[in-house]
Amino acid sequence: MTTATDQTRVIDGVRAEQWMRMYRRMVMIREFEEQVNELYTRALMPGLAHLYIGEEAVAVGICEALRQTDYITSTHRGHGHCLAKGASPDRMFAELLGKEAGYCRGKGGSMHIADPATGNLGANAIVGGSAGIATGAALASKRLGKDDVTVCFFGEGALGQGVLYEVMNLAALWKLPVIYVCENNLYNEYTHYSETTAGDILARGKAFGVPAENVDGQDVRAVYAVAQRLVDRARKGEGPAFMVCNTYRYTGHHVGDINREYYRSKQEEQEWKTKRDAIQNFAAWMTGQKFTEAAKLGEIQKEVRAEMKAAVEFAIGAPYPSPEEADQDVYA
Amino acid sequence: MPEAAERELTFAQAIREALAEEMRRDSRVCIFGEDVAEAGTPFKVLSGLVEEFGRERVLDTPISEAGFTGMGVGAAMTGLRPVVDIMFGDFLTLTMDQLVNQAAKVHYMSGGTWKVPMVLRTTLGAARRSAAQHSQSLHAWVSHVPGLKVAMPSTPRDAKGLLKTAIRDENPVVFFEDKMMYKLKGPVPMGEYTIPFGVADVRREGEDITIVATSSMVQVALGAAEMLEKIGVSAEVIDPRTTWPLDEKTLVESAKKTSRAMVVDEGYGRYGVTGEIASVIAEGAFYSLEAPVKRMGAMHVPIPFSPPLEDMTVPTEQRVFEAARTLCGKA
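Line order of the protein sequences matches chains W and U.
Under the numbering used here, the first residue of the first sequence is numbered 1, with each subsequent residue one higher.
Under the numbering used here, the first residue of the second sequence is numbered 1, with each subsequent residue one higher.
None of these hints come from the bench; they were simulated from the model.
All C-beta atoms, glycine included, are put in the ideal place defined by N, C-alpha and C.
Keep in mind that a hint or two might mislead.
[Unchecked claim] Pairwise CB distance ranges (calculated): (1) W/A203 to U/M190: 37 to 45 angstroms; (2) W/R42 to U/P146: 32 to 40 angstroms; (3) U/S234 to W/Y320: 48 to 56 angstroms; (4) W/T41 to U/E170: 36 to 44 angstroms; (5) U/K185 to W/A198: 52 to 60 angstroms; (6) W/A198 to U/E170: 37 to 45 angstroms; (7) W/G256 to U/S306: 49 to 57 angstroms; (8) U/P187 to W/A203: 54 to 62 angstroms; (9) U/V202 to W/E189: 49 to 57 angstroms; (10) U/P146 to W/P46: 34 to 42 angstroms; (11) U/K185 to W/E238: 30 to 38 angstroms; (12) W/A203 to U/K44: 36 to 44 angstroms; (13) U/M190 to W/G145: 50 to 58 angstroms; (14) U/A39 to W/G237: 48 to 56 angstroms.
[Unchecked claim] Computed cross-link-like contacts, EDC-like style, restricted to lysine to aspartate or glutamate with a CA-CA straight-line distance of at most 20 angstroms: (15) W/K142 to U/E207; (16) W/K142 to U/D60; (17) W/K290 to W/E34; (18) U/K249 to U/E226; (19) W/K175 to U/E56; (20) W/K175 to U/D208; (21) W/K146 to U/D26; (22) U/K164 to U/E283; (23) W/K296 to W/D6; (24) W/K175 to U/E34; (25) W/K146 to U/E283; (26) U/K115 to W/D327; (27) W/K309 to W/E34; (28) U/K256 to U/E317; (29) U/K115 to W/E325; (30) W/K236 to U/E56; (31) U/K294 to U/E207; (32) W/K273 to W/E261; (33) U/K115 to W/D329; (34) W/K99 to W/E261; (35) U/K164 to U/E6; (36) W/K142 to U/E56; (37) U/K330 to U/D208; (38) W/K99 to W/E38.
Build out the structure end to end from the sequences listed, making use of the hints.
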């Protein structure tokens, strides 16, 4: 007999447990980023970080459509992508603090998390800088007869970089299994994208004959549905796709960008946070479908927060690399 | 005369043979660039490769140097061994982010977890009357960057042996070929061989002065050494073959022996390869030197088109001879 909260129940073609996993991942990203902000505020983190809060549905919806062997490339605002692809928070925090236990032994930091085990080709601090790498990985998969797909995440700021169009052209010509995911969070750093971006964004993909779709980046179900379709298509050898996920960056360009009123209003921020929050809206849908309850979701949040705190403690207690490591790993 | 186990090949043939052998040995090796397939590049260096290996492995790209170099990085990280062809060294400028910020840093930034076994082949050298955007020698730019290796052969034998080493290296290698040298002939061993990086070649032994020369300038230095011989100056000519890794020991030991040194390179002298090698020698052989180390590079101007102007900009046998003679106090 099935109960209301049976986790094998299928809703919209997806089992309840899978929706729950997506919810947990989104909460994990938010809690992770809250801890990052805390580390910055307490002056425990060297340098800066670019938070993904508000955009969680994009990374989670897309990575849910991927396999472990599929590749991603990420950005300076990349913690969400890495976690959604399966990175473990303790080694992520360790990297952010420059510790030896970090994914890059402390050599990369917040903007360069990379992890072969989860197919993460690396976060990139050059805007649009990973477009070539992602497309090259797709070329390798095709040439080596694998059916892996590569997702290239970038922000709408990267639409200003020419290399993106060079490789989109090539991916279309060679029918490469790569999905270009533009996260339009409205701001190129401190400038509204409408001041930097002419014409129709989707048309930029369509011009190369690349299927292009807009999706509400605050709706994880919509992101997942489109991603699944485009990823399956690429996996079957039908070529690249371009996805524009419309989303919003709740916090500043980086953790130190506190006073933002010269480029956007508090009212605008408030509207996104209260009306279009991806986690709240997903939670409301899930409880409405009655395969979970608010209390259960509250428990998940508590658990995840405790996990993140433990991961932070691990990272704080972890040793730095020995200074002699500075000139190691320059060459393989 | 070549030994029995050798035969004469041009520089271009030696490059092609290295690529063909490596592509036969390892199916992951592939080539991409502009007009690399049926056209075999404007210099015809790659003629015949697409016929043997097919368009799956010899890929003509659009004129998108940044894009396909970036793809080389990604493909190298995920299982291929791409040889990226950048037709003219001047176009390296278009690949700089991919080379400097991506290829060179992937291994280090990832804490040693990802590797980029990619070769970027390109050209250097003036004297083709091609003007300022098809004549530069920009190898100093990439030699400056940690994470890259830089090879610049001066003979067909070295071209083949070094290119095979480059393709087998686990790191990004920038490989410079002098356009003027493609038709140069020289002995190349029949059998399998490679030449390790970071090992200089003493091309001519001498007692009075060390002339360190790279790529296109090795022939110039050897010519100058002949002229010096006639006035009783014995010059040692050394080709480092790779600017990184650099065989500092051989350069320093030679300068200690001869007590005078000069460095000739077709890149710009200012902040260039000549300056770096001169300082290696000055630091390592200072107390053995009878004179300051002399540098000679390209004139610090954009390469001009008009023949009498262009010819002024590049070191010649005569100028190397004169400078060496002065250095030896024979002026």
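Against the structure, the hints come out as follows:
1. Between W/A203 and U/M190 the C-beta distance comes to about 58 angstroms, which lies outside the given range of 37 to 45 angstroms.
2. Hint check: W/R42 to U/P146, Cβ distance near 33 angstroms, so the stated range 32 to 40 angstroms holds.
3. Checked against the hint of 48 to 56 angstroms, the C-beta distance between U/S234 and W/Y320 comes to roughly 55 angstroms, which is consistent with it.
4. Taking the beta carbon of each, W/T41 and U/E170 are about 41 angstroms apart, inside 36 to 44 angstroms as hinted.
5. Distance hint check: the CB atoms of U/K185 and W/A198 are about 55 angstroms apart, consistent with the given range 52 to 60 angstroms.
6. Remark: the range hint 37 to 45 angstroms for W/A198 to U/E170 is upheld by a beta-carbon distance near 43 angstroms.
7. The beta-carbon spacing between W/G256 and U/S306, approximately 55 angstroms, falls within the hinted interval of 49 to 57 angstroms.
8. Checked against the hint of 54 to 62 angstroms, the C-beta distance between U/P187 and W/A203 comes to roughly 58 angstroms, which is consistent with it.
9. For U/V202 paired with W/E189, a C-beta distance near 55 angstroms keeps the hint of 49 to 57 angstroms intact.
10. Against the hinted window of 34 to 42 angstroms, the Cβ-Cβ separation of U/P146 and W/P46 comes to about 21 angstroms, which falls outside the hint.
11. The hinted range of 30 to 38 angstroms is not satisfied by U/K185 and W/E238, whose Cβ atoms lie roughly 50 angstroms apart.
12. With their beta carbons about 41 angstroms apart, W/A203 and U/K44 fall inside the hinted range of 36 to 44 angstroms.
13. Distance hint check: the CB atoms of U/M190 and W/G145 are about 35 angstroms apart, inconsistent with the given range 50 to 58 angstroms.
14. Distance hint check: the CB atoms of U/A39 and W/G237 are about 28 angstroms apart, inconsistent with the given range 48 to 56 angstroms.
15. Annotation: proposed proximity of W/K142 to U/E207 is violated, straight-line Cα distance about 57 angstroms (limit 20 angstroms).
16. A hinted pair counts as satisfied when its Cα atoms are at most 20 angstroms apart, and W/K142 with U/D60 qualifies at roughly 16 angstroms.
17. Only pairs whose Cα atoms come within 20 angstroms are accepted, and W/K290 paired with W/E34 is rejected, the gap being roughly 29 angstroms.
18. For a cut-off of 20 angstroms, the pair hint linking U/K249 to U/E226 is broken: about 25 angstroms separates their Cα positions.
19. Distance restraint check for W/K175 and U/E56: the Cα-Cα separation of roughly 13 angstroms lies within the 20 angstroms cut-off, and the hinted pair is therefore satisfied.
20. At most 20 angstroms may separate the alpha-carbon atoms for a hinted pair to count; W/K175 and U/D208 exceed this at roughly 62 angstroms.
21. At roughly 18 angstroms between alpha-carbon atoms, W/K146 and U/D26 fall within 20 angstroms of each other, so this suggested pair holds.
22. A C-alpha spacing of about 33 angstroms is found between U/K164 and U/E283, which places the hinted pair above 20 angstroms, so the restraint is violated.
23. Annotation: proposed proximity of W/K296 to W/D6 holds, straight-line Cα distance about 13 angstroms (limit 20 angstroms).
24. A distance of roughly 19 angstroms separates the Cα atoms of W/K175 and U/E34; the hinted pair therefore holds under the 20 angstroms criterion.
25. The suggested pairing of W/K146 with U/E283 is violated, with an alpha-carbon distance near 52 angstroms, which exceeds 20 angstroms.
26. A hinted pair counts as satisfied when its Cα atoms are at most 20 angstroms apart, and U/K115 with W/D327 qualifies at roughly 16 angstroms.
27. Distance check on the hinted pair: W/K309 and W/E34 sit about 10 angstroms apart at the alpha-carbon level, within 20 angstroms; holds.
28. Taking the CA atoms of U/K256 and U/E317, the gap is near 24 angstroms; set against the 20 angstroms cutoff, the hint is violated.
29. Simply put, U/K115 and W/E325 have alpha-carbon atoms about 18 angstroms apart, close enough for the 20 angstroms limit, and the pair holds.
30. The hinted pair formed by W/K236 and U/E56 meets the criterion: a straight-line CA distance of about 19 angstroms does not exceed 20 angstroms.
31. For the given pair, U/K294 sits about 17 angstroms from U/E207 by alpha-carbon distance, which is consistent with the 20 angstroms threshold.
32. This hinted pair checks out: W/K273 and W/E261 have alpha carbons roughly 16 angstroms apart, not beyond 20 angstroms.
33. Using a Cα cut-off of 20 angstroms, the hinted pair U/K115 and W/D329 holds, with the two alpha carbons roughly 10 angstroms apart.
34. Distance check on the hinted pair: W/K99 and W/E261 sit about 35 angstroms apart at the alpha-carbon level, beyond 20 angstroms; violated.
35. With a CA separation close to 17 angstroms, the supplied pair U/K164 and U/E6 stays within the 20 angstroms bound.
36. Under the criterion of a C-alpha separation no larger than 20 angstroms, the hint pairing W/K142 with U/E56 is consistent with the structure, at around 10 angstroms.
37. For a cut-off of 20 angstroms, the pair hint linking U/K330 to U/D208 stands: about 11 angstroms separates their Cα positions.
38. A C-alpha spacing of about 18 angstroms is found between W/K99 and W/E38, which places the hinted pair at or below 20 angstroms, so the restraint holds.
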